[in-house]
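Q: Each chain, written out:
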Amino acid sequence: MTKENILRVCDATMQFGGVVAVNNLNLEVNKGEIIGLIGPNGAGKTTAFNVITGVYAPTNGAVELNGKRIVENFPQGKMKQLYKGQNNGKYTKSHLLTPDKITKLGVARTFQNIRLFKNLSVFENVLIAKHMHAKGNIFSATFQLNRKEEQRMREETLELLVLLGLEKNKDDMSTSLPYGKQRHLEIARALATNPSLLLLDEPAAGMNPQESDELMHFVGRIRDDFNLSILMIEHHMQVVMGICERIYVLDYGTLIAEGNPETIQNDPKVIEAYLGVDD
Amino acid sequence: MTLTAFFQYCLVGISIGGIYALIAIGYTMVYGILRLINFAHGDIFMMAAYFMIFAMVDFMIPWYISMIIMIVSTIVLGVVIEKLAYKPLRNAPRMSIMISAIGVSYLLQNLATYLFSALPKQYPQIPILNKTITIGEVSTSIATFITPIITIVFVVLLMMLIKYTKVGMAMRAVSKDFETAQLMGIQINNVITVTFIIGCFLAAVGSMLYFTPRPSVFPLAGSLPGLKCFIAAVFGGIGSIPGAVLGGLIIGICETFIKAFGYSEFSDVFTFVLLIAVLMIKPTGLFGEKMAEKV
Amino acid sequence: MNKKTKFICTLVLIAIGAGLLVFIDQATPSSAMIRSVLQLSAIYSLAAVSMNMLNGFTGLFSLGQAGFMAVGAYTFAVFTIPVASKPTVYYLYGVADALANVALPPAAGIVVAGLMAALLAAVIGAPVLRLKSDYFAIATLGFAEIVRILVASSVFNRITNGSLGLKCIPGFGSYYTPFIVVFICIAIIVLLMNSTYGRAFKAIREDEIAAEAMGINLASHKQMSFIASSFFAGISGALMAMFLGAITSTTFPLMLTYNILLIIVIGGMGSITGSIIASFLVTFAKEWWLRFLDVEHFIGDFHVPLLRTGFRMVVFSVILMVVVLFWSRGIMGQKEFTWDGLYGFFRKLKNKRQEKSPVGGGAAND
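Residue numbers (our numbering), protein chains in the order written: chain A, 131 to 409; chain B, 811 to 1105; chain C, 24 to 389.
Quick caveat, the hints were computed from the structure, so don't treat them as lab data.
A quick note: this is a predicted structure, and the numbers were derived from the prediction, not measured.
All C-beta atoms in this analysis are idealised placements derived from N, C-alpha and C, irrespective of residue type, glycine included.
None of the hints are false.
To be clear about the criterion: a stretch of chain A counts as covered by chain C if any three or more of its residues have a C-beta under 8 angstroms from a C-beta of chain C, and this derived list gives those stretches:
id: 1; stretch: 221-232
id: 2; stretch: 246-252
id: 3; stretch: 264-275
Given these sequences and hints, build the entire structure.
A: This is the structure we're talking about:
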């Protein structure tokens, strides 16, 4: 089976002041895979997401999407002296795309602490994500010259809501939804951007075992339906072990293990990171 | 320009800068703690001038007692504003509290127009401050001469207060993290009240020094100096007291020299251009701390 | 309620409004207070809606409104003062040679005024829009003050007539002109806000980081909103110049920005209909209904206390403070007036009344 590479994170280091949040991270996602990114709290998982999606510029390292460099940076300015990571000098270009450009290239994400558009309806929340693919400019949109496009956007939005079981709530305020549905709405919103790679930041947080079980199947389903590759951060081991094909384990910003679920479960380093070790 | 004239302008610039610094401290402290641009601060400064006129002209009270009355009433005004207009909005979005501050500014200006009429009123003469003194070849009024000294004294006292007293420590804690400070048992409301008392006290002193050499007071008299002082605070890095002092001095001196070279109509433009330039190059100001939003 | 009924209702409402306007125009003497107050309210509503585009819809707290209005007003005046009147207007400094023979028709002047304000917004937008909330507010405020100082400065004597200001500005051709212009402009703004771009603006207001993650380019969208808002602010400034006939730099003080801001707050940040309603209410109250507060009154021999010049504005600002503190959502909140909303409101009212009187009401719910 040939594996087509979607995402490759190369030697990414993220340093805030003197704190190294992500240290020399190398990570790969191939087409159609569901990959888990796990680690204790504060291990740098969300920071890694922020680097991939362009929210933070990495201090050193690069991110490639479909073989194309979307982000690349090296220690500059004050960081030159402060830099504590590895591979200093390997990267010499500074090429940073803003998050919206990266989303346009097909990377969508959800947020750990739900970030919905609070005062807008469920329908509008998803419809907004369709905006970036709209071809009309501000004038044609204002004077309704792109009515067909608008119509299509609305139809696609409705389809998505039906798929995620949110069609009954479509006119509700997004914040009036119960917690679980808000998480679903975030996923719907991310899917509306037509991604090829979906990053889920703790999608099962706050869910009971039954709900997280449902979520697990749901993630598998959207991978197949939307032809996605998925990278997810998750603490529910039952979910991670149940669905992920490969797992990366971060601790204190450093990759301590990678491999399929069985390997990870038996890896002494991982057990040490999670449980501590008796001296 | 002769050397004498140069020194003369320097002195005037430092003096006006010192006054700006006193007012800017009020802005910077309130911003540091409440994250609020207190748009009403300039108007409090204006009201202080009217209090002085009221006491000295309408009630014929001697200047040293009037001064105390003026300072006390200004402080009361500031604290009352905080309790009525800002405290109820503590948990509201930041935009609401800013709008409330604008509303207070609007109210104070209209109130002053109503109470004291829109016509300029003469600021009472304080004999001691108006005396002319001559040092070498530079002659100036006492007010101009003592302003920098008063500024330095108050700033040093304030820094000591913040550094060594319990309430000062509480203030530092609150400005670092509002919620955590509250959880650590700091009486937030007391700290805020103290902040307003200090800010208003300095504004009242600044008002007396500012208006003494100037001919008149009118209801909008606080608006422009208020803005300039806010800019001084931004320039120095909002939340930082030494920054506010430095910002005030720089603006005061630059303004004086621009006027001296005959471009007085552009002295205010300079201030605003300086503001925009600072915001572009170093939005946190000279001594400001960077705050990042967590994703 | 289906689409057709709603459309008819809207048409009927517009017709009623237009009819009322015609009636007032015909039935009142040309000096009647209500005539000018209505015009002023219309102009304020455009100013308020354009500011709301930025502050209420895009979440950018701008305090530069008066500056953009000044730019619009001055541009309009400079380009439309009749050639014959120029020597009288510029009697002291003379008029710039390039402008001596320029006099555009007012309609073109309005568009140029809007474009000029938009152009200026485009120039200052790129750097200023990078700033965060209150820094942005203070930078736009500074910009407005710079505009005000510059138009009154001696450098532009031959264009803006320095501190003397401009007069002999062509007025409205007909009584209806301001209403028509304002109606068209607000209609365009409504369309814009309901388009996909309007939704993107709202997304930025709600959560910048999430908006960016949805592929919305913050810089370009903020810039668009800023330019569009300034364009309409410029037009409202031009209308203001037409209404007043003469302008100086003091016509557009910071106080004007505050006034408009407070109109938006009363109407509801993020509601176009709210801003319009509030503009009319506030302008009527300020310019007409509360006027009596400024005059000393006697009831018999009793001298009514407090009433004298300036009291009107004090009462007005107290009302504003009460709204800001206790009713921060304003009249409409973020909602718009809709027929469905009205229908729902009456139904709820009816249900409530029936619940309250179960004896007479019989079946409380159908």
